[in-house]
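Chemist: The primary structure of each chain is shown beneath.
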Amino acid sequence: MASAANANVNAVRETMDVLLEISRLLNTGLDMESLSICVRLCEQGINPEALSAVIKELRKASESLKASENCTN
Amino acid sequence: MATLDQKSPNVLLQSLCCRITGKSEAEVAHQFQYAVRVIGSNYAPTIERDEFLVSEKIKKELLKQRREADAALFSELHRKLQTQGVLKHRWSVLYLLLSLSEDPRKPSSRVGNYGALFAQALPRDAHSTPFYCTRPQSLALGYGERSAGLSASVGTSGISSLGVYTLNGPTPTPQSLLAGQPPQSAAGGGQPLGSRLAWALPVSSSPSSALAPPTARPPLGPPVPATRVIRPRRDGDPAGEVSEAALVRDILYVFQGIDGKFIKMNAQDNCYKIDSKVVLCKSLRDTSSRLAELGWLHNKVRKYTDARSLDRAFGLVGQSFCASLHQELKEYYRLLSVLHSQLQVEDDQGVNMCTESSLTLRRLLVWMYDPKVRLKTLAALVDFCQGRKGGELASAVHAYGKTGDPQMRALVQHILSLVSHPILNFLYRWIYDGELEDTYHEFFVASDPNVKTDRLWHDKYSLRKSMIPSFITMDQARKVLLIGKSINFLHQVCHDRTPPGKITPASKSADTPKDAAELLSDLEGAFQEKIDAAYFDTSKYLLDVLNRNYLLLEHLQAMRRYLLLGQGDFIRHLMDLLKPELARPATTLYQHNLTGILETAVRATNAQFDNAEILKRLDVRLLEVSPGDTGWDVFSLDYHVDGPIATVFTRECMGHYLRVFNFLWRAKRMEYTLTDIWKGQMCNAKLLKTMPELSGVLHQCHILASEMVHFIHQMQYYITFEVLECSWDELWNKVQQAQDLDHIIAAHDVFLDTIISRCLLDNNSRSLLNQLRAIFDQIIEFQSAQDSLYRSALEELTLRLQYEEKKQQREEEGQWGVTAEQEAEEKKRIQEFQETIPKMRSQLRILTHFYQSIVQQFLVLLMTSSDESLRFLSFRLDFNEHYRAREPRLRASLGATRGRRMSNI
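Line by line, the protein sequences give chains A and B. Quick note: the first sequence uses the working numbering, first residue 14, plus one each step. Quick note: the second sequence uses the working numbering, first residue 35, plus one each step.
Source of the hints: derived by calculation from the structure; they are not laboratory data. Only a predicted model underlies this, so the values are computations on that prediction, with no experimental measurement involved. Please note: incorrect hints may appear among the correct ones.
[To be verified] Pairs of lysine-lysine, DSS-like flavour, derived with a Cα cap of 25 Å:
| id | chain 1 | residue 1 | chain 2 | residue 2 |
| --- | --- | --- | --- | --- |
| 1 | B | Lys873 | B | Lys861 |
| 2 | B | Lys406 | B | Lys307 |
| 3 | B | Lys57 | A | Lys69 |
| 4 | B | Lys91 | A | Lys69 |
| 5 | B | Lys57 | B | Lys93 |
| 6 | B | Lys337 | B | Lys410 |
| 7 | A | Lys73 | B | Lys57 |
| 8 | B | Lys723 | B | Lys713 |
| 9 | B | Lys486 | B | Lys499 |
| 10 | B | Lys93 | A | Lys69 |
| 11 | B | Lys723 | B | Lys574 |
| 12 | B | Lys337 | B | Lys307 |
| 13 | B | Lys337 | B | Lys316 |
| 14 | B | Lys298 | B | Lys311 |
| 15 | B | Lys94 | A | Lys69 |
| 16 | B | Lys334 | B | Lys436 |
| 17 | A | Lys69 | B | Lys436 |
| 18 | B | Lys841 | A | Lys79 |
| 19 | B | Lys295 | B | Lys307 |
| 20 | B | Lys723 | B | Lys840 |
| 21 | B | Lys316 | B | Lys298 |
[Said to hold, decoys possible] According to the in silico footprint, chain B covers these stretches of chain A (three or more CB under 8 Å from chain B):
| id | segment |
| --- | --- |
| 22 | 46-53 |
| 23 | 70-82 |
[Claimed, not checked] With the C-beta cut set under 10 Å, the calculated list includes, among others, these residues of chain B facing chain A:
| id | residue |
| --- | --- |
| 24 | Ser42 |
| 25 | Thr55 |
| 26 | Gly56 |
| 27 | Ala60 |
| 28 | Gln65 |
| 29 | Arg101 |
| 30 | Leu111 |
| 31 | Leu115 |
| 32 | Leu121 |
| 33 | His123 |
| 34 | Leu132 |
| 35 | Ser133 |
| 36 | Leu134 |
| 37 | Tyr575 |
| 38 | Leu577 |
We treat Cβ as the ideally placed atom computed from N, Cα and C, and that holds for glycine.
Could you build all of it, start to finish, from the sequences and the hints given here?
Modeler: Right, dumping it as structure tokens:
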């Protein structure tokens, strides 16, 4: 039972490694943690299109915030 | 760490927000709310849920970036992923990664590309205010979001009611998702709108107070009456007034020809009408009835295509017309579906603010203006094309292309290119292969399957005038007909099996409607050139084949030589040989005898050097015998024609030839007879000198004979030089210059017609011909009269000579030369002979008189003839005004014509 769980964890880890590699190939700019969150969201059936839009938007927002902060500084 | 446990999506989302912005949970509250809204709105994915497609897309993307190795690596990784089977939604993850992927060569696409994003936005944004430029979140996500931040700008369009957002309005914002959140929004007035505004505004106006929404509201924005409902747009008013949104929804159905809730088809007036019970302000009513016209137009076009597309007999041209209409309708449907989806999005989001991005009737009016004009044109076209098919249909469409509006012209041109495509295909099949596959009788060349090959050229193919598309000129159509006809003629009549490609090279047909369109745009140039080239090559080839293999020109010359008596020595010899045969009654003639004589004549004269092919066709023919006819009346030469040359020498042509031959043969016979007469006179003149009592009669004979000789010579001159040679020269020139077989046939027909009319064989000169026949008869009669005269004279002469001889013989024997009895007998005989002389004389005088009167009548007819050459003939016949002196009528008419001449000058 324990070994089965262990194998499962191993498979999950491998999967994540593969996905990280693909993510790197595609230059998505996601780190391991964000990726795992995204994967989990996707697995729950969230529309990937919306998710990607959210991520992009978030990035833009944070960047523009940073930029404006720089300006004010 | 990476266990795929079932955490709630909200928690995950929040941690994602923190992770990406790098801030604490509290700080990202607005971003999180936004994220929840976007995810929660959950608009329908626009992509297919297909893992394979997504992976292919990724590979393509990598290849586009010229990273082939990475692409290979990706496919390996992808395969691994597939084998592990941990993930349920592989495509989803892959798609996410793909949409987040960025080209490493572009340094940063994250910032500074808002402009590009704007460019991608729907065209309806084009008229919106420049406020967009300052907005950071220009995603084409939720329209509501975008416009919410900009409700301030609504005033510029001034269309809809104020942008209202209500807390108690039916917003599908998932409140449950917000449950776990600290009530951050309370700080912002407790309104999602406010918080969104706040989130949106820092960049544009107040960067420092990003989290203080109420104060950050732009000064130009009208105060949003947040708690008051001005007009709930989705639902009907309690008063029963229909909201604009409901009307928009209705109108969208009406656009497709479906009755809406309020706007229905009125069968009586044949238009869409708003239910009169519905309470509605006038402007909306007007606007919607104007929009409803589209539905009516759509129905019209639709009805036509539906009715026609199943009708097989409508033909290919009609089918392509329907197809092009369908294409246009499809474009129209696409537009409608975009509108529908927009409506859907608005509904889904539940944000029914009236901003510049939502659908209003006025906006529809503007957007639907172009489609309306297009549909109007289509409907007019459909009306105009009702009941037409084939080339006629193409003409109708072409007529509509003559408009000054470039858009309409483009539309009609497009339809025309589709419609004319089958016609051009027919055309190319026809002019390059000679094949006519026109099941529905749409092409402008018609074929009559009942016509046999011998009449192929003349009768089998014809032009369907109504089916000639108006962009093809009559001249081009005729050429097209001729080209295909020539090819068919070569194949079926000449049995020429040259592949069509060899006759006309570069037979590239219009394969696509695009080619057809190009060709249509260049009708004067390339199309004309193509037809001309095909016409030239095919006709030339056909003429070559006819001349080389079928000796058309040689046959033409043979006609001239044999049937028109051009070969003098042969005709003369033939007449010599035939004379004894033809003098017999017609019933005793046998064709085989005459054929034998013909062959003898051919062998004895220059005709023997002629082409065997031609001599083989030469034959004798006996016309129908009527009682009392001699051989002269029924004899005729014949020329057998068959195969391809029979197209030029048709049955009618040969009939004409036979008539002309008969006339010429008769004239020739007169000449021949007169020669005999003259010969008789010359031979007998000396002999009969011993009979002085005959000299008067003989003199009379000589005078009449020379009169006749003069007449016949002039006639022969006229026939030979003014009729035959002139016409022949004309014909020969035309034949040498002929470009196609039709030219030759036409020239030949003209030639025959000229000869027929000049030889007085047509109906107009029947009276002249009758006179001429009478003159010929007189000549024959004169010949027989003179013959009998000579016979009796010569008989008398021999008797006298015998008498003298006997007398001398007896004297030598020493007897009495003559006894009284014998002398008396001799005297009596001489007396009797001399008594016959006055009789001969009077007979001759009657003959002369008769002959002269006929000639005079003939001359009178000639003088009044309209043909100038005939008038000249009359001058020549009466050059010394011998007849004019005797015939007062002749004088009068002569004077009259001269007078007329003078007056003309």
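Chemist: It remains to establish, for every hint, whether it holds in the given structure.
Modeler: Status of the hints after comparison with the structure:
{"no.": "1", "hint": "Lys873/B x Lys861/B", "verdict": "19 Å, holds"}
{"no.": "2", "hint": "Lys406/B x Lys307/B", "verdict": "18 Å, holds"}
{"no.": "3", "hint": "Lys57/B x Lys69/A", "verdict": "16 Å, holds"}
{"no.": "4", "hint": "Lys91/B x Lys69/A", "verdict": "20 Å, holds"}
{"no.": "5", "hint": "Lys57/B x Lys93/B", "verdict": "35 Å, violated"}
{"no.": "6", "hint": "Lys337/B x Lys410/B", "verdict": "14 Å, holds"}
{"no.": "7", "hint": "Lys73/A x Lys57/B", "verdict": "14 Å, holds"}
{"no.": "8", "hint": "Lys723/B x Lys713/B", "verdict": "16 Å, holds"}
{"no.": "9", "hint": "Lys486/B x Lys499/B", "verdict": "23 Å, holds"}
{"no.": "10", "hint": "Lys93/B x Lys69/A", "verdict": "22 Å, holds"}
{"no.": "11", "hint": "Lys723/B x Lys574/B", "verdict": "70 Å, violated"}
{"no.": "12", "hint": "Lys337/B x Lys307/B", "verdict": "20 Å, holds"}
{"no.": "13", "hint": "Lys337/B x Lys316/B", "verdict": "31 Å, violated"}
{"no.": "14", "hint": "Lys298/B x Lys311/B", "verdict": "12 Å, holds"}
{"no.": "15", "hint": "Lys94/B x Lys69/A", "verdict": "22 Å, holds"}
{"no.": "16", "hint": "Lys334/B x Lys436/B", "verdict": "23 Å, holds"}
{"no.": "17", "hint": "Lys69/A x Lys436/B", "verdict": "52 Å, violated"}
{"no.": "18", "hint": "Lys841/B x Lys79/A", "verdict": "170 Å, violated"}
{"no.": "19", "hint": "Lys295/B x Lys307/B", "verdict": "11 Å, holds"}
{"no.": "20", "hint": "Lys723/B x Lys840/B", "verdict": "21 Å, holds"}
{"no.": "21", "hint": "Lys316/B x Lys298/B", "verdict": "17 Å, holds"}
{"no.": "22", "hint": "46-53", "verdict": "holds (count 7)"}
{"no.": "23", "hint": "70-82", "verdict": "holds (count 12)"}
{"no.": "24", "hint": "Ser42", "verdict": "9 Å, holds"}
{"no.": "25", "hint": "Thr55", "verdict": "4 Å, holds"}
{"no.": "26", "hint": "Gly56", "verdict": "7 Å, holds"}
{"no.": "27", "hint": "Ala60", "verdict": "15 Å, violated"}
{"no.": "28", "hint": "Gln65", "verdict": "6 Å, holds"}
{"no.": "29", "hint": "Arg101", "verdict": "8 Å, holds"}
{"no.": "30", "hint": "Leu111", "verdict": "5 Å, holds"}
{"no.": "31", "hint": "Leu115", "verdict": "5 Å, holds"}
{"no.": "32", "hint": "Leu121", "verdict": "6 Å, holds"}
{"no.": "33", "hint": "His123", "verdict": "5 Å, holds"}
{"no.": "34", "hint": "Leu132", "verdict": "7 Å, holds"}
{"no.": "35", "hint": "Ser133", "verdict": "4 Å, holds"}
{"no.": "36", "hint": "Leu134", "verdict": "4 Å, holds"}
{"no.": "37", "hint": "Tyr575", "verdict": "66 Å, violated"}
{"no.": "38", "hint": "Leu577", "verdict": "72 Å, violated"}
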